[in-house]
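**Q** Residues per chain are reported as follows:
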Amino acid sequence: MAKLDIAINEPGRRVFLLGNLAIARGALEAGVRVASAYPGTPSSEILDAIAGVAPKRGIHAEWSTNEKVALEVAIGASYAGARAMAAMKHVGVNVALDALATLAYTGVNAGLVLVSADDPGMHSSQNEQDNRLLARFAKIPCLEPYDAQSAKDYTKAAFELSEKFQTPVMLRTTTRVSHAKGDVTLGELPDYEKQKPRFVKDARRYVCVPAHSRALHPVLNRKLAQLEEYASESELNHMHLEGEKGIVVAGVARNYVREAIESLGVKVSLLELGFTHPLPRELMRRFLSSVSEVLVVEELEPFLEEQIRAMQSDVVVRGKDLLPREGEFTPELVEEAIARFLGVEHSPPPRRRAKLELPPRPPVLCPGCSHRALFYALKKVTRRKIYAGDIGCYTLGALEPLKAMDTCLCMGAGVSQAQGFYHAGIDEDVVAIIGDSTFLHAGMPALLNAAYNSADILVIILDNRTTAMTGHQPHPGVGVTATGSETRPVDFIALAKALGAEYVAKVKPNDFEETVRVLEEALSRRGLRVVIAEEPCALLGRKLGLWKTPPRVTRGRCEGYLCSACRACLRIGCPAVGWEGGKAKIIEELCTGCGLCVSVCPNEAIVGGEEEC
Amino acid sequence: MLTNVLIAGVGGQGIILLSDVLGNAAIRSGLGVRGSETHGMAQRGGSVVAHIRIGNARSPLIPKGRADYLVALEPLEALRYLDYLAEHCIAVVSTTPIPPASTHGKVAGYPSVKAILDELSEYAEVYPIDALALAKRAGSVLTGNLVMLGALSALRGFPLEQEVLKESIASRVPPKTIDMNLTAFKLGRKAVKG
Chain D
7 MAKLDIAINE PGRRVFLLGN LAIARGALEA GVRVASAYPG TPSSEILDAI
57 AGVAPKRGIH AEWSTNEKVA LEVAIGASYA GARAMAAMKH VGVNVALDAL
107 ATLAYTGVNA GLVLVSADDP GMHSSQNEQD NRLLARFAKI PCLEPYDAQS
157 AKDYTKAAFE LSEKFQTPVM LRTTTRVSHA KGDVTLGELP DYEKQKPRFV
207 KDARRYVCVP AHSRALHPVL NRKLAQLEEY ASESELNHMH LEGEKGIVVA
257 GVARNYVREA IESLGVKVSL LELGFTHPLP RELMRRFLSS VSEVLVVEEL
307 EPFLEEQIRA MQSDVVVRGK DLLPREGEFT PELVEEAIAR FLGVEHSPPP
357 RRRAKLELPP RPPVLCPGCS HRALFYALKK VTRRKIYAGD IGCYTLGALE
407 PLKAMDTCLC MGAGVSQAQG FYHAGIDEDV VAIIGDSTFL HAGMPALLNA
457 AYNSADILVI ILDNRTTAMT GHQPHPGVGV TATGSETRPV DFIALAKALG
507 AEYVAKVKPN DFEETVRVLE EALSRRGLRV VIAEEPCALL GRKLGLWKTP
557 PRVTRGRCEG YLCSACRACL RIGCPAVGWE GGKAKIIEEL CTGCGLCVSV
607 CPNEAIVGGE EEC
Chain B
952 MLTNVLIAGV GGQGIILLSD VLGNAAIRSG LGVRGSETHG MAQRGGSVVA
1002 HIRIGNARSP LIPKGRADYL VALEPLEALR YLDYLAEHCI AVVSTTPIPP
1052 ASTHGKVAGY PSVKAILDEL SEYAEVYPID ALALAKRAGS VLTGNLVMLG
1102 ALSALRGFPL EQEVLKESIA SRVPPKTIDM NLTAFKLGRK AVKG
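Order-wise, the sequence lines are chains D and B.
The working numbering applies: residue 7 is where the first sequence begins, and numbers increase by one.
The working numbering applies: residue 952 is where the second sequence begins, and numbers increase by one.
Quick look at which bits of chain D chain B covers, simulated, 3 or more residues with Cβ under 8 Å:
hint : region
1    : 184-198
2    : 573-580
3    : 583-594
To be clear, the hints were calculated from the coordinates, so they are not data collected in a lab.
Glycine included, each C-beta is placed from N, C-alpha and C at the ideal position.
Isolated chain B, as found in the complex (with noise of 0.2 Å):
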């Protein structure tokens, strides 16, 4: 049994947090986990990818075609690794832009958010999530990733208990924003489950 999650977004946006969380309530599952991030020149606004693996890997890549869930921080960075999905990938999809400063008043910008989202769907089963504005809600704009995460543990098939992703956010993240990550994870799976 392996799952293989890809997480795409910009550097600053908390992915290194979610894979450690990730990777930390894989091992209160009892299960084993590689992953792979980006660290240095690469997180300075660039464009960031996080591997996460849970089960019986060995490779701390996720092998191309083969990724079951992709979790994007930012819209157009889930068009980047379509070469990863596999044919049953499941997307979460943040569905607010942050433009690269590449297309700051250029006329061929940034895409339209619903273009990405229809391209993506020709691709995997594709939930947009309105990450900001839940995390708003749950008390600080900081809180997307948790929000996105939330959003990922309601996914068909996804082998970890929210029980056990709940007890990890509560260990990796500062003692006084648990409550206000715990609400954003919440707040993440009603958006996937209704």
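Just chain D, with the same shape it has in the complex (with noise of 0.2 Å):
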């Protein structure tokens, strides 16, 4: 698809944008010159984009190994007076927390955004955290836009904030504004010139020993108040007063409030929120003193509602005991608690259910998956195994018909996982699942772990060259950068064998029966055993041009006989393999011609496209 171009030089421009581009050009416009991240719903098109344009604006953009480091590259890049970004999805911010907790105590010297994408409603996480709170924990300011203009505009808005008060800054978005798309008025880019970098030692303030810290925290507390007092001021926080009722609201549901005050037709106070932390308390006091009761809109956590319990004014607070503290916000949910909270009268749309039965159609693992052979194979030659499985797409193998994942619980915690159950001297063979870019993120660590303390386990690394599940992001296996230069590849070989792996093999999954012979030996064998399963990922070799014609049922000659109806075909689970007339049916529009079906056939009735029938 032709891509629209986020550097081009037209201020006044409006341009249908992406939030996560929006942000991207936020940067661009705020002169970043280092950005960093990991990928991650939803945050990962924010250095998709700034990569594509990264040469040309003289940035440097990386996918970095995980997100301490990409929150650690984007602080030295600060430090030494070069502005630096780096972004996340939510649980990111967990892996880069070790840094982020005491970044606030040094400060930092050229702006440093940190982007934290959460994802209320889980559309691709595995929990629903709110990072506001660790924007507290970590004290430092958190912005919060709410469409796609306000992610360009609080961007730039977080770098100023940033060299202002010398603290890194957190621009919290939700899928709900990273992907959500708006018109967007382009500003100005600033001319690109080659700045010197220059770092001014200050060992009380960047080497964080004890004694230093301990000068460092009163100093960071007293410009946390300063920030607070900044917040009220804020432009990004907006009042309007009107009624005895007030509502206060904050993200993407600022523009759910905006459209039910309309819908309902009514008049009510109001208090939107783009400075989240520190709370804006003078401001807020100034709203609580023209209202008698107000309403909290924020998805997730209590986290502004408490805060205001806290100011003990008169004022009757209302929140969580209208909305859910779960899942993400709907305009229609926002406008029932409204309604209710207003005491109008509301008539909520009919309710609706189809009288046919749908059948569900959960995401699924692709036609071609080589994961899918993977898993069919280490299913046929384990009989008692636990899969400690991880984060990727490989987590789909959990679905029926595989049902090859007894645990996902966060990036690389299989390998260690894993370990754990045999530890704790459970019977069955333990394998460990866990894909390449998130092996490099977080398995290595584990790898070594098991080597060191004598984990006697298989650990199976899909190696599918890409990060496939967030859109195919280059990654150190690769030898690709983020911008497309080439790099040296890490050998996956190598590296398990330095971890101190006992027995290393790989294979390619598509071929079928050298995987199960390789599978048997590995769960033969005793020790830390590692298995490398190397397939391009089948998105990939669509445009590598890897896919084969498809299988045939031979139905003409086999009718009847061969095809004896006994599913084995299906049991893979692939969306290309149907079932008509009592027979198997290849549906080649989606058939990548990856010959798993072929091999799990019993009675040879379907036939590899290539091979003669």
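If you follow the hints, you should be able to join the two separate chains into one complex; please do so.
**A** Put into structure tokens, the structure is as follows:
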């Protein structure tokens, strides 16, 4: 698809942008020099977009090996005087938290913005934590954009705020900001000039030993008090006084509140917050002094609500008693809550359910995905087993009919959990399954731990040559950087050996029989074993021209005999293997010709597309 | 003035491109536009829905009961969002089923397309479109999404001009495929206009 050039320098032009692209544009307008990220939905498009224009704007853009590294790269750049941004999904901030928790003590030099893309409703995440709590925990300011235009504008404002107060700033989005689209009026791009970076050594600030940190902490607390005063004057907050009842709102819900007020035709006082940490207490005091009852509309945690309650005004504070503390908000949910809060008539749209039974359509492993072949081979050779899984496309292997995943907690956890299962003395074979990018992100220390502490487990690294789930970002195993330049790829075999694996083998999962053989061998041995299953992601395979002719079900020659309707081919769960008239049917539009169905058919009724029938 | 378009289909059918073309055309027409779509996990062959709101919207999501138009790139997916349809909703529906893998080999599998269209007709004015055949005629099965966009553009009261939509298509698809995509768009228009 023809991509919009986010680096066009036409101030005032209106363009249709995804929220994440608006953030990337805001970073360009702010003159970002170093941008780092680890891919994760809903944050990935930010660095994808910056990397696309980085070389011509003189920006260093990188996919870092994990979020902690990404933030630390950005910190170094900021210390050296270059504006820097690190982008990640909400749970990525957990990985970066070790750096973040002390960063506010040192403060920053050039502006540093941490984008935390939260995922209320868990469209593509394992939890729905509210990272405003982490901004508070790390003692840094938090800005919350609410649409594409504000995503761009707040990004720029975040850099300015960061530099003004010498503090990192969290720009906190949610899925409905990052993956919402809107018309955005572009600002000016700064002239690109190669600035000379300069680091002024100051050990008492940058070297966080106890004696230094003890001195830095009260300075930080004073800074937070100043930020709180500043927040009350910030242009990112808007107050509108009209009536005894008031609404406080932040994030994407600002849009739902505005539409609900219009749709209900009511008058209500409104405090819209873009600057949510530190709480703009003075502004809040002014607002509370002019209303008798307030409804706080915020997704997930009662972050603002609890702080407002703690201010102990006479105002009645409502919030999570009318709105849920889990999931994402919708326009009708907010309208309903406001109607109840104001005690006005409200007619919700009629609820309708299709009378026909609609079969569900959950996400599945793609046709031709080599993970399917690997999982199927694994199920074939292991009878009693526990599969400790991880985060990525392959997590879909947990679903029917493969059901080849027993745990999935966070990045890298499977390899360590497998060791816990083993040390607990479980009888079953313990197999850890982890993707290539995930292994490089958090699996390496876990594998080293298995070697060090003598865990007798099998670790399977699913190497599909990309970070597939988030949109095919390269990683250190691929040999290409974020901006497309070549780099030295890491060798998974050498890496596994260096980390202490006693047995290391590599297979191509689409070579089904060989995969079964190697897995049998690996399972027959003891000690720390690693099998690397390497096959390019089927979606990449299409671009690389790896797709083959779809196989045929040999109806004419074999009808009623070979295809004896055992349905073995359906048990691989491939979307391209259908069933028609009591027999298998290959859906050619979807088939990549991987040949797994050919391999699993016990009666040789499915013949490879390139073979003679 | 606000027009709400709900686009439903299956991950991989080109729904994000449609929302891009519509949004871009809205801006070319001097109108405001907002929307929301599915990325990540939900794209792996799962149900996908995009909201596009042309005019003065604030929310990126269409409130339930207020979709003026439904574009369904797959028949079954047309029935998943009945709550969103306004009383006056007009729907264009591709009649080619893509059975979910969960229905393969099951007796109670995919409902008949006729039954789907009949039920949808209780809630909307329905235009069934043989998008697959028209896409093949345009030159590639991959242009089915543009066929459906053409059909949408021909519906009563749709606010974007076809010339603007064509410009937007040309600016958004790979240069080599512009003619093919414009042909698909025209065939879709004709399927509604007759």
